[in-house]
Amino acid sequence: MSFQVVTPYSLDEALGALASGEKLVPLAGATDLMVYMEAGTLAPCRFLNLQELDELKPTLSVNGSLTLGAMTTYRDVRVSPIREQFPMLAWAAREVGALAIQSRGTWAGNVANASPAADGVPALMAYDAEIDLWSKKERRRVPLAKFYRGYKEMDRRPDELIAALHLPLPQPGWVDYYRKVGTRRFQAISKTLLAGRILLDADRAVRDIRMVFASIAPYTLRAVQTEAIVRGRELTPEVIEEAAQAIQDEIHPIDDIRSTETYRRRVTSNLVRDFLSL
Amino acid sequence: MMRVSFTVNGKDHEVAAPPMKRLLDVLRDDLALTGVKEGCGEGECGACTVVMDGLLVLSCLVPICQVEGKHVTTIEGLAASGHLHTVQKAFLENGGAQCGICTPGMILSAAYYLDHPDEARDIREALAGNQCRCTGYTRIFESIKAASS
Amino acid sequence: MTFQTIGKSLRRKEGFLKVTGHSVYADDLRLENCLYGKTIRSTVPHAKIKEIRFKDGIPWDEFTIVLPSDIPGLNAVTLIDAEQPFLAEREIRHVAEPVALIAHRDKHLVEKARHFVHVDVEELPAVLTMEEALERNNVFKSYLVQNGDPSEKWNEADVIVEETYRTGAQEHLYIEPQAMIANTIPGESVTVWGSMQCPYYVQKALAPLFDLSHENVRVVQTETGGGFGGKEEYPNMIAGHAALLSWKAGRPVKMIYDRREDMWATTKRHPSKIRVKAAFKRDGTLVALDIDILLDGGAYPTLSAVVLSRATLHAWGPYKCGHTRVRSRVVMTNSVPYGAFRGFGAPQAIFAIEMHMNRAALELGIDPVEIRRKNFLHQGDQMPTGQVIREKIDLEMMMDRALELSGYHRKRADFEQFNAQSRPHRKGIGLSVFFHGSGFTGSGELRLASELSMALTGQGGVEVFAANVEYGQGTNTVLTQIAAEACRIDPDLVMIHQPDTSAVPNSGPTVASRTTMVVGKLVERAALELRKRLKEPTDFEASARQYLAEHGELRITVQYEPSSDLHWDDEKYRGEAYAGYAWSCDVAEVEVDAVEYMARVTNFVSVVECGRVINPLLAAGQIEGGIAQGIGFALYENVVLEQGAMKNNQFTNYIIPTTADTPDIHVNFVEFPHSNPGPYQAKGIGEMPIDGPAPAIGSAVAHALGGRFINELPLLPERIMDVVESL
Ligand SMILES: Cc1cc2nc3c(=O)[nH]c(=O)nc-3n(C[C@H](O)[C@H](O)[C@H](O)COP(=O)(O)OP(=O)(O)OC[C@H]3O[C@@H](n4cnc5c(N)ncnc54)[C@H](O)[C@@H]3O)c2cc1C
Ligand code: FES
Ligand code: FES
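Chains as they are written, first to last, in this note's numbering: chain B, 1 to 278; chain V, 1 to 149; chain L, 1 to 727.
For reference, chain B alone in the conformation it holds in the complex (with noise of 0.2 Å):
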């Protein structure tokens, strides 16, 4: 009846007894798992704690792409150069709650917990980020674009762990935008977001384009078709507004105790054209 963990040394260990059929629930940073057991929200369980186990580390590497280990936190992306190459990430990060949650908070916890107003999400999409789902049966790996399905559903299975993300190196060019709408400065949950990466031609035509959303979806939502509105056109006034329009169609935002249905459309189409208009 009550909550039990268990702390695997190795990474056979922990795959096995994800694979014994019994329901083991990963444990990263807590972050998360902790509020939902304050709350009362969380069925007694048992946990994975993943902390102790090497292959999944807090790493930070590049060798064609970038490889982040599951346990690598926001401060571990807010410190490291590589911040350079992924300013997205960075930024992204920063508007994680506040130090001592970034501190703490993993990207992979990010992308498991599945919370349609993920602040890290969005950038690692926008990055084409992939994701490595191990299990004792089989590696695979999944484009994060595609991972989600409905409300916290997603392409992962009991037996699996988030084992690392891939992002791969941005072509030359890219420029990056991200935009948190929360109900205040830090510390907040997003309203609306929009990570958007933009590739131009020589003569402004957009080459180019990834358009993630928060808060306005049940999943965080890579706006595939207004993405392809924009694509191979020049950024004119008209062609930002019909995208701004565009939005519109793609998004499902819901009145909550933080916003409203319209607000979040209105402001919505506000960042299609903030971005745009670059």
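If you are wondering where the hints come from, they were derived from the structure by calculation, not from laboratory data. No residue lacks a Cβ here, since even glycine has one placed at the ideal position from N, Cα and C. Treat the hints with caution; some may be incorrect.
[Said to hold, decoys possible] Distance condition first, Cα-Cα at most 27 Å in a straight line; then the derived BS3-like pairs of lysine-lysine:
(1) L:Lys8 to V:Lys89
(2) L:Lys411 to L:Lys374
(3) B:Lys23 to L:Lys411
(4) L:Lys281 to L:Lys320
(5) B:Lys152 to L:Lys647
(6) V:Lys70 to B:Lys57
(7) B:Lys136 to B:Lys23
(8) V:Lys145 to L:Lys8
[To be verified] Now the stretches of chain B that chain V is said to cover, found in silico as 3 or more residues with beta-carbon under 8 Å:
(9) 35 to 42
(10) 171 to 183
With chain B held as given, fit chains V and L with the ligands onto it using these hints.
For chains V and L with the ligands alone, kept in the frame of chain B given last:
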């Protein structure tokens, strides 16, 4: 129950506790270090801030099973051998504490910022996780300025 | 006159313990054999209780359970009246109303057990809005203040401006939740220790609950982690609950609310709806003012009548107007009872009148500064209550100083130019001018008849015995400074006794900005009396020690004495409403972002006249803290109600300004030490700073939006959006 060994303010401790017991409760109930405060229990107020292995953490969000082998510093450990830390002294002299309930966490965060000025753009960002309902923060900023000069 | 200690920024007396983490708050106390108590609460706003069921799955035989039938005395909280039950017996009148109490030695088990208690009810229709309550004539209290007759003036006016203003509930969000520990000898006595502002209120509430004499109820204040009014009357309730459990269990009981329960179940600032109708001459002269105040009191009267009184008596602002009428009502709804909160009704009333003056200036085409200059009160003028301002005031000078410090005129012009170009954000600047009465209203201090004692100590100093508590606002230090000055001794020789009803006399509650002015005066008088007994010594320390060597002890008690020229008529609501007023002018600058419609305060100036400033550092700290809370009230703090109870009852969902949302705050004191009744001519300061920010910010936002006023607080982005979109 599990046994966990760690140090607090330089002293070794071993406690027997349920593995998901909050570090906050272990410090307050098992070790009688009541300088660490609980304002919300959900990571928002910062009253329970302590330093663990050199990093700022919220003790209400740290399960004791993850504290094995770690070094924890609380407000009680900041004043080395009876001498106030410069930040404590500055808070005392510049009106940085009013009701005092946020003060232990605030002082630890302030001291951390002075040691790691590059980890936040300014004092405001560095302390955004520590809520104070009394001061309006002005005297807290003054205290930190005084401590850094 | 030169002072030794008054006017000096002494360190906070208990500061060392606070910065080292050694202060002892209620939850830090440990008692042997202690049980942990929890409250079972209703989940519907209005109902008949049919049955309380304790469901299987919990070892109930190990629990202490208290039901209304276990109450030895009066099942009602004695405050102004005795209407609110400690435990609802037959009828539930609001969500989160206490219906039963449970305790067990295992903290976690009580928490769990709470979910195994089921309250069967028969629901009744609930009244959840002020409007509906008014229709049904559910009025707790009403007042009327009238001077002249505004209704005769409307047709003489050049311009009439009429608007309705609304403010939402506000949560105190002290960082230390409500906390109380009780130990009792069943049948004999009760002792409680806890977080509170008013030990004698708790005693007064507990004695009838247990049918004990007051002496057999001992109340001790522990270090208190913020209160802001939230620990004025609510501690009566939690103290009663802890004591009832202890009485039944025969063991100590600790009750510490978690944040959710604290936000869900305890009092908040009264929501308001205030209609203001004002008539002006073309040049801005105010000729008539008609104000209608409506407050939501919630399900029980608590302190609503006095909150309404203060709202009423601050409604006209610092202006003279020969024809004024203020009608005010506080109504009963099925919401969680609203209660004391810093400002006590004044912030709502001042938001309305100050927004209105700014709106009127706009409609008259004159500057908000000029409309004020035209109408300010001066020495010798009368307020609508007939109270003549006897003290020197110079609001023009204070306003000019605030304008200068903020660069108001230059910025106003610059911002208008800035806003004319389309930019990602707009800027605005706005001001408010206001007063706040110190101490209890009217004859309140006379009825309180506060007493305070002072005794010589073996060190040759003095010890102060008062029931007024330190909860951050500086009681310990300020009373020390007054005692040291009056005795002419070193402040280190002054001791302040812990507030404990078994050791200190009843110097009244720690509320209403009265501690410095009213209680401080008692300290001064006691000190002077001691000096007299020591025959005006040149060396106080030596004389004191000698006196003690000869006589063993010297302890004297003084009592409040009203000044003979203060008169208040409770029936007509006329006379000297307050013995002293503090005055202030705020200037706020804001930016409104065009993408998110969010207003942010970027700079804040406050000029304050509160008589003699006893400790400039602590006084500035009070004002800055009040301003930050006022910024929260204005922009961020939104209590979302569901069935009359707070739905967003989590720290993460109730947004208060953090370091990053609080601007630089510049406080500037103006001192007119003139004859007012406070010690060394000091007046109260605790509440005033929360009065001015909302209208200053509201007007700054209106300025940024090209003169479009939003009459409802908080000014959430969702509200600003509609205005910006219509530009
Ligand atoms: C005060 C506060 C403020 C916050 N502010 C923000 C904010 O601004 N923005 C934001 O996005 N989030 C915020 N959060 C939420 C939280 O900090 C983040 O979601 C964080 O990234 C979670 O990481 P963690 O390591 O702490 O996760 P944990 O709590 O350990 O786990 C979260 C979930 O992920 C699963 N999980 C973790 N690691 C793995 C893995 N390797 N493989 C499979 N499953 C795994 C867990 O089982 C669990 O379901 C805040 C939280 C708090 C308490
Ligand atoms: S108690 Fe831990 S952050 Fe509030
Ligand atoms: S001093 Fe009271 S909360 Fe900060």
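Evaluation of the provided hints:
1. As the CA atoms of lysine 8 of chain L and lysine 89 of chain V are separated by approximately 18 Å, the hinted pair is consistent with the 27 Å bound.
2. With a C-alpha separation of about 22 Å, the suggested pairing of lysine 411 of chain L with lysine 374 of chain L holds against the 27 Å cut-off.
3. Annotation: proposed proximity of lysine 23 of chain B to lysine 411 of chain L is violated, straight-line Cα distance about 63 Å (limit 27 Å).
4. The straight-line distance between the Cα atoms of lysine 281 of chain L and lysine 320 of chain L is roughly 14 Å, inside the 27 Å bound, and the hint therefore holds.
5. Proximity of lysine 152 of chain B to lysine 647 of chain L is assessed by CA-CA distance (about 23 Å); at most 27 Å being required, the pair is judged to hold.
6. Restraint check for lysine 70 of chain V and lysine 57 of chain B: satisfied, since their Cα atoms lie roughly 16 Å apart, inside the 27 Å limit.
7. Annotation: proposed proximity of lysine 136 of chain B to lysine 23 of chain B holds, straight-line Cα distance about 15 Å (limit 27 Å).
8. Of the pairs offered as hints, the one joining lysine 145 of chain V and lysine 8 of chain L holds, with about 21 Å between alpha carbons and a cut-off of 27 Å not exceeded.
9. Check result for the region 35 to 42 of chain B against chain V: holds, 4 residues qualifying (beta carbon to beta carbon below 8 Å, three or more required).
10. Residue count for the region 171 to 183 of chain B with a Cβ under 8 Å from a Cβ of chain V: 0. That is fewer than the three needed, and the coverage hint is violated.
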